[in-house]
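Peer 1: Same order as they appear, the protein sequences are chains A and B.
If you're matching positions, the first sequence starts at 419 in the numbering used here and goes up one per residue.
If you're matching positions, the second sequence starts at 526 in the numbering used here and goes up one per residue.
Hints are computed from structural coordinates only; laboratory data are not their basis.
Computed from a prediction, not measured in an experiment: that's the story for all the values here.
Note that beta-carbon positions come from the ideal geometry of N, C-alpha and C, so glycine has one too.
Wrong hints could be hidden among the right ones.
Stated by the list, open to error - Have a look at the derived ranges for each label pair, beta carbon to beta carbon:
#1 A:Arg-495 / B:Lys-585: 27 to 35 Å
#2 B:Thr-602 / A:Leu-535: 31 to 39 Å
#3 B:Ile-569 / A:Thr-504: 30 to 38 Å
#4 A:Asp-444 / B:Glu-584: 24 to 32 Å
#5 B:Gly-541 / A:Thr-488: 28 to 36 Å
To be verified - Below, simulated DMTMM-like cross-link-like pairs (lysine to aspartate or glutamate); rule was C-alpha separation at most 20 Å, straight line:
#6 B:Lys-633 / B:Asp-621
#7 B:Lys-576 / B:Glu-566
#8 B:Lys-576 / B:Asp-621
#9 B:Lys-563 / B:Glu-580
#10 B:Lys-563 / A:Glu-477
#11 B:Lys-593 / B:Glu-530
#12 B:Lys-552 / B:Glu-566
#13 B:Lys-633 / B:Glu-528
#14 B:Lys-552 / B:Glu-584
#15 B:Lys-561 / A:Asp-491
#16 A:Lys-427 / B:Glu-528
#17 B:Lys-552 / A:Glu-490
Said to hold, decoys possible - Quick look at which bits of chain A chain B covers, simulated, 3 or more residues with Cβ under 8 Å:
#18 460-470
#19 525-531
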Amino acid sequence: NAGVTQTPKFQVLKTGQSMTLQCAQDMNHEYMSWYRQDPGMGLRLIHYSVGAGITDQGEVPNGYNVSRSTTEDFPLRLLSAAPSQTSVYFCASSIRGPPGSGANVLTFGAGSRLTVL
Amino acid sequence: SQELEQSPQSLIVQEGKNLTINCTSSKTLYGLYWYKQKYGEGLIFLMMLQKGGEEKSHEKITAKLDEKKQQSSLHITASQPSHAGIYLCGAVYNNDMRFGAGTRLTVKP
């Protein structure tokens, strides 16, 4: 029972490089989302998806792309990394989206720590 | 999140002491979630409050929701080192979940 799996756990990039943070869940959750966590600012929503083929922007979407071709996977792409994107990234999912009703609780991955030099 | 403010930002308590963390929303609350994050790890769901006046407890942690004040409090009784971590409140606005900046709790043995 893996839950939400994020890879890699750690990554160092140079400014301008591109990379993809992977997120996979095995709970058949419809809703998936990406957050970044920065000191003093808490968690900020980057992008979210309410189902395969559907994505939408959150609070801080600039510099990030997402796609949702399957229910299980929700990768986050950085096309041209910038030092301001140094952060810890969390992927989360819930049974149906958006979260907020009944037992529809967000389950989080362990996080991916990204450093952009 | 600008919608949710937590206080205090950090808290250091002696083991065995009680403590309270507050979460205030700038918008109407339709539900409030509490999560705990251990250092360097993901978030673990603690409890969810949906109705004004609702109070829930899990082991030594109690959370209350005051809908009129748009506020929730998390109270820990007889704190233990295992309670240490970052506590975050979350709420749903405009169909997505936002979080407060978190309260970092240190429990000294």
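Peer 1: All hints, please: hold or fail.
Peer 2: The hints, checked one at a time:
For Arg-495 (chain A) and Lys-585 (chain B), the Cβ-Cβ distance of about 43 Å falls outside the hinted range of 27 to 35 Å, so the restraint is violated. The hinted window of 31 to 39 Å between Thr-602 (chain B) and Leu-535 (chain A) is violated, with their beta carbons roughly 45 Å apart. For Ile-569 (chain B) paired with Thr-504 (chain A), a C-beta distance near 25 Å fails the hint of 30 to 38 Å. Separation of Asp-444 (chain A) from Glu-584 (chain B) is about 28 Å and conforms to the stated range, judged on CB atoms against 24 to 32 Å.
The hint said 28 to 36 Å for the Cβ distance between Gly-541 (chain B) and Thr-488 (chain A), and at roughly 49 Å that hint is violated. At roughly 36 Å between alpha-carbon atoms, Lys-633 (chain B) and Asp-621 (chain B) are farther apart than 20 Å, so this suggested pair is violated. For a cut-off of 20 Å, the pair hint linking Lys-576 (chain B) to Glu-566 (chain B) is broken: about 30 Å separates their Cα positions. Simply put, Lys-576 (chain B) and Asp-621 (chain B) have alpha-carbon atoms about 19 Å apart, close enough for the 20 Å limit, and the pair holds.
A distance of roughly 24 Å separates the Cα atoms of Lys-563 (chain B) and Glu-580 (chain B); the hinted pair therefore is violated under the 20 Å criterion. Annotation: proposed proximity of Lys-563 (chain B) to Glu-477 (chain A) is violated, straight-line Cα distance about 24 Å (limit 20 Å). The suggested pairing of Lys-593 (chain B) with Glu-530 (chain B) holds, with an alpha-carbon distance near 16 Å, which does not exceed 20 Å. Only pairs whose Cα atoms come within 20 Å are accepted, and Lys-552 (chain B) paired with Glu-566 (chain B) is rejected, the gap being roughly 29 Å.
Simply put, Lys-633 (chain B) and Glu-528 (chain B) have alpha-carbon atoms about 32 Å apart, too far for the 20 Å limit, and the pair is violated. Under the criterion of a C-alpha separation no larger than 20 Å, the hint pairing Lys-552 (chain B) with Glu-584 (chain B) is inconsistent with the structure, at around 30 Å. A hinted pair counts as satisfied when its Cα atoms are at most 20 Å apart, and Lys-561 (chain B) with Asp-491 (chain A) does not qualify at roughly 25 Å. A threshold of 20 Å between alpha carbons decides the hint, and for Lys-427 (chain A) with Glu-528 (chain B) the separation of about 29 Å lies outside it, so the pair is violated.
A hinted pair counts as satisfied when its Cα atoms are at most 20 Å apart, and Lys-552 (chain B) with Glu-490 (chain A) does not qualify at roughly 33 Å. Judged by the Cβ-Cβ criterion of 8 Å, the region 460-470 of chain A is covered by chain B as claimed, because 5 of its residues qualify and three suffice. Taking a C-beta to C-beta cut-off of 8 Å, the region 525-531 of chain A contributes 5 residues in contact with chain B, enough for the three needed, and the coverage statement holds.
The structure fails to meet hints 1, 2, 3, 5, 6, 7, 9, 10, 12, 13, 14, 15, 16 and 17 from the earlier list, while all remaining hints are met.
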